[in-house]
Amino acid sequence: AQSVTQLGSHVSVSEGALVLLRCNYSSSVPPYLFWYVQYPNQGLQLLLKYTSAATLVKGINGFEAEFKKSETSFHLTKPSAHMSDAAEYFCAVSDRNTGNQFYFGTGTSLTVIP
Amino acid sequence: EAGVAQSPRYKIIEKRQSVAFWCNPISGHATLYWYQQILGQGPKLLIQFQNNGVVDDSQLPKDRFSAERLKGVDSTLKIQPAKLEDSAVYLCASSPFGSPNNEQFFGPGTRLTVL
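Protein sequences, first through last, are from chains A and B.
Counting from 1, position 31 in the first sequence corresponds to residue 31 in our numbering; the numbering is continuous, with no gaps.
Counting from 1, position 36 in the second sequence corresponds to residue 150 in our numbering; the numbering is continuous, with no gaps.
These aren't lab readings, by the way, just hints derived from the structure by calculation.
Please note that a few of the clues may not be correct.
Said to hold, decoys possible - To give an idea of the chain B side of the interface with chain A (calculated C-beta under 7 Å), a few residues:
| id | residue |
| --- | --- |
| 1 | Ala116 |
| 2 | Gly221 |
| 3 | Gly223 |
Said to hold, decoys possible - Chain A regions said to be covered by chain B (calculated; three or more residues, Cβ under 8 Å):
| id | region |
| --- | --- |
| 4 | 41-49 |
| 5 | 73-84 |
What the hints assert, rightly or not - Only some residues are given here: those of chain A computed to face chain B with a beta carbon under 8 Å:
| id | residue |
| --- | --- |
| 6 | Phe90 |
| 7 | Gln101 |
| 8 | Phe102 |
Ideal Cβ positions, reconstructed from N, Cα and C, are used throughout, including at glycine.
From just these sequences and the hints, can you work out the full model?
So, in structure tokens, the structure goes:
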């Protein structure tokens with residue numbers, strides 16, 4: 001079965017600083033990978049996804065993520081944090097071979113300090 | 115395009131009571147999912163429908179949870195009787211086709227509090 005590890009349940013950055021949210025997966029076959037954002041009292045919104053095209057994926061709101069097979073990682077970055085980026089971020093994987101069940105990480109809460 | 119609709123948004127019940135949640139997916143989306151998101155955790159899949167058939171319900175506590183999607187469109191998730199540990203946000207999602215790389219579109223969720 002797939003599993004996802006998000007290191008750091010809480011991350012704080014200053015406004016304008018680099019955002020780095022970590023995600024590692026366990027799979028012998030590179031899966032499909034997703035980052036979702038969840039604002040308070042809302043559902044999940046897709047930020048970006050990796051589906052075996054370019055390893056550097058650009059998403060909405062200035063976020064991007066790089067798939068690194070050797071490190072089984074798919075870390076999310078943004079060069080300059082904005083106050084509106086404060087939210088919960090979830091990494092998810094979907095197994096290419098067994099269907100489209102998503103396995104989510106436990107989430108990382110991002111705080112942006114003015 | 116309208117998104118995934120869920121109701122109610124909030125529900126408070128006492129333990130041993132029953133509760134039902136409703137979800138209307140994006141028009142034309144064949145696959146519908148129900149997730150349970152406990153505070154501080156990621157969403158966990160409860161059940162997946164393809165049209166009106168169940169694809170995966172391996173993590174659904176069938177002694178108290180049930181779900182149906184009779185006409186292959188909207189769906190209802192029921193808990194009877196509720197326990198304290200059922201307090202969570204219940205998310206509904208849909209996708210246009212049952213392939214692994216398809217984005218799942220999520221509704222706003224129903225926050226259930228069991229007292």
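The hints, checked one at a time:
1. Violation of the interface hint for Ala116/B is found here, the shortest Cβ-Cβ separation to chain A being roughly 14 Å, above the 7 Å cut-off.
2. Because the beta carbon of Gly221/B sits about 5 Å from the nearest beta carbon in chain A, less than 7 Å, this interface hint is met.
3. Given hint, Gly223/B at the interface with chain A, holds; its Cβ is 5 Å from that chain's nearest Cβ, closer than 7 Å.
4. Restraint check on the region 41-49 of chain A versus chain B: 7 residues with Cβ-Cβ distances below 8 Å, three needed, restraint holds.
5. Counting residues of the region 73-84 of chain A whose C-beta sits closer than 8 Å to any C-beta of chain B gives 0, which falls short of three, so the coverage hint is violated.
6. Checking Phe90/A against chain B: minimum C-beta separation of about 5 Å stays under 8 Å; hint holds.
7. With a least beta-carbon distance of about 6 Å to chain B, the hint placing Gln101/A at the interface is held under the 8 Å criterion.
8. Contact between Phe102/A and chain B, as hinted, is supported at the beta carbon level, the nearest pair being about 6 Å apart and thus within 8 Å.
The structure fails hints 1, 5 (numbered hints given earlier, in ascending order).
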